[in-house]
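So the sequence lines, in the order shown, correspond to chains A and B. Count the first sequence with the numbering used here and you get residues -13 to 197, in order. Count the second sequence with the numbering used here and you get residues 7 to 69, in order.
Take the hints with a grain of salt, since some may be wrong.
Listed below are the simulated BS3-like cross-link pairs for lysine-lysine, each with C-alpha atoms no more than 30 Å apart in a straight line [what the hints assert, rightly or not]: (1) A/Lys115 - B/Lys65; (2) B/Lys39 - A/Lys120; (3) A/Lys131 - A/Lys120; (4) B/Lys65 - A/Lys119; (5) A/Lys115 - B/Lys60; (6) A/Lys119 - A/Lys131; (7) B/Lys60 - B/Lys39; (8) A/Lys119 - B/Lys60; (9) A/Lys131 - A/Lys143; (10) B/Lys65 - A/Lys120; (11) B/Lys39 - A/Lys143; (12) A/Lys143 - B/Lys65; (13) A/Lys143 - A/Lys120; (14) B/Lys60 - A/Lys120; (15) B/Lys39 - A/Lys131; (16) B/Lys60 - A/Lys131; (17) A/Lys115 - B/Lys39; (18) A/Lys115 - A/Lys131; (19) A/Lys119 - A/Lys143.
If you are wondering where the hints come from, they were derived from the structure by calculation, not from laboratory data.
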Amino acid sequence: MLKGYRTLIFNVVALVAAACGYTALPEETIAQYTDAIILVGGGMITVGNIVLRMITTGPVFAGKKPDSTTLHGIAALALIGIGLMTAGCASRFGETDLQKMAGIEKDFTLLQEQILTLFDSGVLPDEAKSYVKKLEAAAYQAKEKAWEAALAGDSMKTAAAISLAKSAVAEGLSYIKQSNWLQSLKSKATASTGPPPFALVARVPLTVLED
Amino acid sequence: MDLTTAILLGIRLASAAAQGIAAAQEGVAFVEKLVAEGRDPTPEEIADLRARSKSLHEKIQSS
């Protein structure tokens, strides 16, 4: 039914709905809930697109249905993407070093919970799992160092340690992006017109962490 | 992957996203409360936060 057009129709409908909501709601309401609207709306559109791409019989995968490894990989990346989209929020609001650290701690815990969900789902190949573990360990150690500096009241060291913690996560992510596991997924998924479905989610985390 | 599996996966992704959003907002609310009260987290709060990520860290590394 509607081969290959469902994704297009979904996106057009989502856009129209967003535009209607924007004009119908009072300005103060929009200003007040901007963050929530972007998060929930963006998340729903991402999930909708991923699901539609999975069930499509259109030419997204060059007419061939992808094998289950590809699908699991895409699902895993979607989970990571969703987790990282929502992380990196609380650390922006702190004013003092300790407040900032509390935010980073909250964001990091969230990331850890998403990683555990991902591990529990059993979709990750062992290779990818050990990369994710390395990334988590590096970020954890950097975060602990930042706490020590912040508690000692050394604001110079804290700033350095915080940026180290952030780059540890970013580095782990680029590891994942370059791993063979992902490359093989990519070559399967890009045998199609248009960007691979996970390009969107894979791009999100780094921009979040740069802040 | 048939339609039912895809829909189930979609629901699972959506619920993971919803949980993540709720937890992220809770984190933001916590920091905003600190800023509004003009204080740093207490040593007890800091210890709680670090103990939580430590136990999650151990769980991840041992899985």
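Here is what the structure says about each hint:
no., hint, in the structure
1, A/Lys115 - B/Lys65, "13 Å, holds"
2, B/Lys39 - A/Lys120, "33 Å, violated"
3, A/Lys131 - A/Lys120, "17 Å, holds"
4, B/Lys65 - A/Lys119, "10 Å, holds"
5, A/Lys115 - B/Lys60, "19 Å, holds"
6, A/Lys119 - A/Lys131, "18 Å, holds"
7, B/Lys60 - B/Lys39, "24 Å, holds"
8, A/Lys119 - B/Lys60, "14 Å, holds"
9, A/Lys131 - A/Lys143, "9 Å, holds"
10, B/Lys65 - A/Lys120, "13 Å, holds"
11, B/Lys39 - A/Lys143, "26 Å, holds"
12, A/Lys143 - B/Lys65, "29 Å, holds"
13, A/Lys143 - A/Lys120, "24 Å, holds"
14, B/Lys60 - A/Lys120, "15 Å, holds"
15, B/Lys39 - A/Lys131, "25 Å, holds"
16, B/Lys60 - A/Lys131, "13 Å, holds"
17, A/Lys115 - B/Lys39, "36 Å, violated"
18, A/Lys115 - A/Lys131, "25 Å, holds"
19, A/Lys119 - A/Lys143, "26 Å, holds"
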